[in-house]
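If you want the building blocks of each chain, they are given just below.
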Amino acid sequence: DQQVKQNSPSLSVQEGRISILNCDYTNSMFDYFLWYKKYPAEGPTFLISISSIKDKNEDGRFTVFLNKSAKHLSLHIVPSQPGDSAVYFCAASDVGKLIFGQGTTLQVKP
Amino acid sequence: DGGITQSPKYLFRKEGQNVTLSCEQNLNHDAMYWYRQDPGQGLRLIYYSQIVNDFQKGDIAEGYSVSREKKESFPLTVTSAQKNPTAFYLCASSISGPRTEAFFGQGTRLTVV
Numbered sequence: 047d048q049q050v051k052q053n054s055p056s057l058s059v060q061e062g063r064i065s066i067l068n069c070d071y072t073n074s075m076f077d078y079f080l081w082y083k084k085y086p087a088e089g090p091t092f093l094i095s096i097s098s099i100k101d102k103n104e105d106g107r108f109t110v111f112l113n114k115s116a117k118h119l120s121l122h123i124v125p126s127q128p129g130d131s132a133v134y135f136c137a138a139s140d141v142g143k144l145i146f147g148q149g150t151t152l153q154v155k156p
Numbered sequence: 060d061g062g063i064t065q066s067p068k069y070l071f072r073k074e075g076q077n078v079t080l081s082c083e084q085n086l087n088h089d090a091m092y093w094y095r096q097d098p099g100q101g102l103r104l105i106y107y108s109q110i111v112n113d114f115q116k117g118d119i120a121e122g123y124s125v126s127r128e129k130k131e132s133f134p135l136t137v138t139s140a141q142k143n144p145t146a147f148y149l150c151a152s153s154i155s156g157p158r159t160e161a162f163f164g165q166g167t168r169l170t171v172v
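From first to last, the protein sequence lines stand for chains A and B. Each residue of the first sequence is one higher than the last, beginning at 47 in this note's numbering. Each residue of the second sequence is one higher than the last, beginning at 60 in this note's numbering.
With the rest of the complex left out, here is chain A (with noise of 0.2 Å):
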């Protein structure tokens, strides 16, 4: 049973606009939250995280948000660029693992 799932495998935007993936979870004892940014053959990079105290975390042209009550996240890239072209992964922590959702492909358009 899928505990963290990211129901859009892909996502295609414009270079400058904004992009917005979405995760949602089932688990309400998850506490932490991260996004992972994936090239091809390589492995994940961190992006950033959120503790569930918080409802959002900024750094730089990213923003995750935290709806609590929905179970649900979202990475926001403003203004989004054709650099940030990868498969981005959001994480749960649960008892000294991470659990991943499937992943979403974003392409930035030039």
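Some clues are possibly wrong.
[Unchecked claim] Straight-line Cα separation of at most 20 Å, SDA-like style, residue types lysine to any residue; simulated pairs:
#1 83(A) - 64(B)
#2 83(A) - 159(B)
#3 51(A) - 100(B)
#4 100(A) - 159(B)
#5 114(A) - 158(B)
#6 51(A) - 160(B)
#7 51(A) - 103(B)
#8 68(B) - 91(A)
#9 68(B) - 88(A)
#10 116(B) - 48(A)
#11 116(B) - 140(A)
#12 83(A) - 107(A)
#13 84(A) - 133(A)
#14 130(B) - 142(A)
#15 83(A) - 64(A)
#16 51(A) - 97(B)
#17 84(A) - 69(B)
#18 102(A) - 158(B)
#19 84(A) - 103(B)
#20 68(B) - 85(A)
#21 129(B) - 162(B)
#22 84(A) - 68(A)
#23 84(A) - 147(B)
#24 84(A) - 97(B)
#25 102(A) - 159(B)
#26 84(A) - 59(A)
#27 116(B) - 69(B)
#28 51(A) - 118(B)
#29 51(A) - 119(B)
#30 100(A) - 158(B)
#31 116(B) - 132(B)
#32 51(A) - 98(B)
#33 84(A) - 99(B)
#34 83(A) - 116(B)
#35 84(A) - 108(A)
#36 116(B) - 47(A)
[Claimed, not checked] Stretch by stretch, here's where chain B covers chain A in the computed footprint (C-beta under 8 Å, at least three residues):
#37 73-80
#38 91-101
#39 146-152
I should point out that these hints are in silico values taken from the structure, not numbers from a laboratory. Glycine included, each C-beta is placed from N, C-alpha and C at the ideal position.
Knowing the structure of chain A, use the given hints to seat chain B on it.
Structure of chain B alone, referenced to chain A:
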């Protein structure tokens, strides 16, 4: 340079053979993990270890084995019992405790023919 090293990057094996994937880290992290990536299925946890000489099964441990004899090393053996071993394997490490991010190696692409 601190980091996680997985070797080799590409690995080919014949069906029925066991194969061991290497993972070494010099970040002084206590926790280490093995994930498998398949198209459309994200990263699925195979095994993880929070401390030397201890490890736990993840969601898809069947057909795999691990050891954690040293803090810096967490090798993964893909046995002949693993029905679909061809995949991209990722090793990661982190400091112990909640609310920490994991750092990943570059991955090993295993192809079984």
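How the hints compare with the structure:
1. 83(A) - 64(B): holds, 19 Å
2. 83(A) - 159(B): Answer holds: residue 83(A) to residue 159(B) is near 16 Å, not above 20 Å.
3. 51(A) - 100(B): holds, 10 Å
4. 100(A) - 159(B): Given that 20 Å is the threshold and the Cα spacing comes to 16 Å, the pair holds.
5. 114(A) - 158(B): holds, 17 Å
6. 51(A) - 160(B): Status holds; Cα separation ~19 Å.
7. 51(A) - 103(B): holds, 13 Å
8. 68(B) - 91(A): holds, 17 Å
9. 68(B) - 88(A): Cα-Cα ~10 Å, so holds.
10. 116(B) - 48(A): It holds: about 17 Å lies between the C-alpha atoms, which stays within 20 Å.
11. 116(B) - 140(A): holds, 14 Å
12. 83(A) - 107(A): holds, 14 Å
13. 84(A) - 133(A): Holds, because 5 Å separates the two Cα atoms, which is no more than 20 Å.
14. 130(B) - 142(A): With a Cα-Cα distance of about 16 Å, the restraint between residue 130(B) and residue 142(A) holds, given a limit of 20 Å.
15. 83(A) - 64(A): Within the cut-off at roughly 17 Å; holds.
16. 51(A) - 97(B): holds, 15 Å
17. 84(A) - 69(B): Holds. Residue 84(A) to residue 69(B) sits at ~18 Å (cutoff 20 Å).
18. 102(A) - 158(B): Status holds; Cα separation ~16 Å.
19. 84(A) - 103(B): With Cα atoms ~15 Å apart, residue 84(A) and residue 103(B) stay inside 20 Å; holds.
20. 68(B) - 85(A): holds, 15 Å
21. 129(B) - 162(B): holds, 18 Å
22. 84(A) - 68(A): Judged against 20 Å, a Cα distance of about 16 Å means the pair holds.
23. 84(A) - 147(B): It holds: about 13 Å lies between the C-alpha atoms, which stays within 20 Å.
24. 84(A) - 97(B): holds, 13 Å
25. 102(A) - 159(B): holds, 17 Å
26. 84(A) - 59(A): holds, 18 Å
27. 116(B) - 69(B): violated, 25 Å
28. 51(A) - 118(B): holds, 16 Å
29. 51(A) - 119(B): holds, 18 Å
30. 100(A) - 158(B): holds, 13 Å
31. 116(B) - 132(B): Roughly 17 Å between the alpha carbons, so the hint for residue 116(B) and residue 132(B) holds.
32. 51(A) - 98(B): holds, 15 Å
33. 84(A) - 99(B): holds, 14 Å
34. 83(A) - 116(B): violated, 25 Å
35. 84(A) - 108(A): holds, 15 Å
36. 116(B) - 47(A): holds, 16 Å
37. 73-80: holds (count 3)
38. 91-101: holds (count 4)
39. 146-152: Holds: 4 residues of the stretch 146-152 of chain A have a Cβ under 8 Å from chain B.
Checked against the numbered hints above, the structure violates hints 27 and 34; every other hint is satisfied.
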